[in-house]
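> Now for the letters of each chain:
There are 2 protein chains.
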Amino acid sequence: MKALEEKILKEGKVYPGNVLKVGSFLNHQIDVSFMEEIGKEFHSLFQNEKITKVLTIETSGIPVACFAAICFGVPVLFAKKHQTKNLSDDCYSTEITSFTHGNTYQARIEKKYLNSDDVVLIIDDFLANGCALEGLMDLIRQAGAKCVGCGIVIEKAFQDGGKRLREQGIRVESLARIAKMNDDGTLEFIKE
Amino acid sequence: MKALEEKILKEGKVYPGNVLKVGSFLNHQIDVSFMEEIGKEFHSLFQNEKITKVLTIETSGIPVACFAAICFGVPVLFAKKHQTKNLSDDCYSTEITSFTHGNTYQARIEKKYLNSDDVVLIIDDFLANGCALEGLMDLIRQAGAKCVGCGIVIEKAFQDGGKRLREQGIRVESLARIAKMNDDGTLEFIKE
Chain A
225 MKALEEKILK EGKVYPGNVL KVGSFLNHQI DVSFMEEIGK EFHSLFQNEK
275 ITKVLTIETS GIPVACFAAI CFGVPVLFAK KHQTKNLSDD CYSTEITSFT
325 HGNTYQARIE KKYLNSDDVV LIIDDFLANG CALEGLMDLI RQAGAKCVGC
375 GIVIEKAFQD GGKRLREQGI RVESLARIAK MNDDGTLEFI KE
Chain B
225 MKALEEKILK EGKVYPGNVL KVGSFLNHQI DVSFMEEIGK EFHSLFQNEK
275 ITKVLTIETS GIPVACFAAI CFGVPVLFAK KHQTKNLSDD CYSTEITSFT
325 HGNTYQARIE KKYLNSDDVV LIIDDFLANG CALEGLMDLI RQAGAKCVGC
375 GIVIEKAFQD GGKRLREQGI RVESLARIAK MNDDGTLEFI KE
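Respectively, the protein sequence lines represent chains A and B.
In terms of the numbering used here, the first sequence opens at residue 225 and continues consecutively.
In terms of the numbering used here, the second sequence opens at residue 225 and continues consecutively.
These are calculated hints, taken from the structure and not from any lab test.
Some clues are possibly wrong.
Since the list gives no way to pick one copy over another, a pair counts as held whenever it fits inside one copy or between any two copies.
Quick list of in silico lysine-lysine cross-link-like pairs, DSS-like style, CA-CA up to 30 angstroms [as the list claims (entries may be wrong)]:
(1) 231 to 309
(2) 370 to 245
(3) 336 to 245
(4) 237 to 309
(5) 336 to 309
(6) 234 to 274
Predicted model only: the values in this text are computed from it and were never measured.
Please put together the full structure from these sequences, using the hints given.
Take a look at the structure:
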């Protein structure tokens, strides 16, 4: 998605350790008009699927998931990373390791919100090593639901998550695929 | 907002300890079409203010904040509850006590996303004791920005947050105000 690549080049900041900060529009401040465009793009990519639910995980995937879901006319369900009194005990649960944050956590969804009739599109802001997506797919599997694929805003294609998922036959659509992040603060996209 | 009261009566579940679960549409599964209606309602209430930014806090306020912000044509900024590598050290920070979750945490926003020119509408899903809103207002104050008020989806009006904020002259618009939650699982709204 050309407009996304341009926005990343204009507003994104590259830091050592392959950190890309896009807090101006994606994961701290949210450019909602732009997120609406991204939602429409995911709808266009997956419009032939009979999606019943969009699944994401706290926190930064939620705005994009909402703007995609509104195009499909279906609800969003977001997996919770943090134990809360508002979550029932009757949950599907899976362990996810975050390399970004250097921790491991349980992602949970209440069983009643996902079942074997559901056809699910996963949406998330970033794909790097793929652990979050694999966790979400595990939750879908536990519910006996069907996953039609993953819509990702930014893929760090130099990490192995996307490759591993695609090799398993999972449809992964990333709107910007970063080939390389350089020490001088620049980055390069994969030319499709 | 009549449609919201009806939705709470239909889908909400009251549990002992004044817990109201609305996970079917507001804070786990998200009914995005309904959130869009709620966003429009906040726009209608605050349309005479020259808002430049909608501020909320992780996690469940984010969808509503996004659908309100798109009506105003401004970005959302969400305060982060959890330390992350993606957040710079150059933050405004405030301590918030959550009675729901029985803990105290630092809420942070990066300084560069809020400044003295900003006119801010706070949006959140719940108002009970008001600590989260007071924390967000403290962040706005630290930035030297102006707060025009708070748009709340559900206010537990039997707790003192809303009263205390309104007594300070803060405009608080709650779309559903719960007067009482009963042991038999029923609840009553304040008649406006």
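> Does each hint hold? Answer for all of them.
Going down the list of hints, with the structure as the test:
no.	hint	in the structure
1	231 to 309	between (39 angstroms within a copy, 21 angstroms between copies)
2	370 to 245	between (33 angstroms within a copy, 27 angstroms between copies)
3	336 to 245	between (36 angstroms within a copy, 13 angstroms between copies)
4	237 to 309	between (37 angstroms within a copy, 13 angstroms between copies)
5	336 to 309	within (17 angstroms within a copy, 34 angstroms between copies)
6	234 to 274	between (36 angstroms within a copy, 27 angstroms between copies)
Checked against the numbered hints given earlier, this structure breaks none of them.
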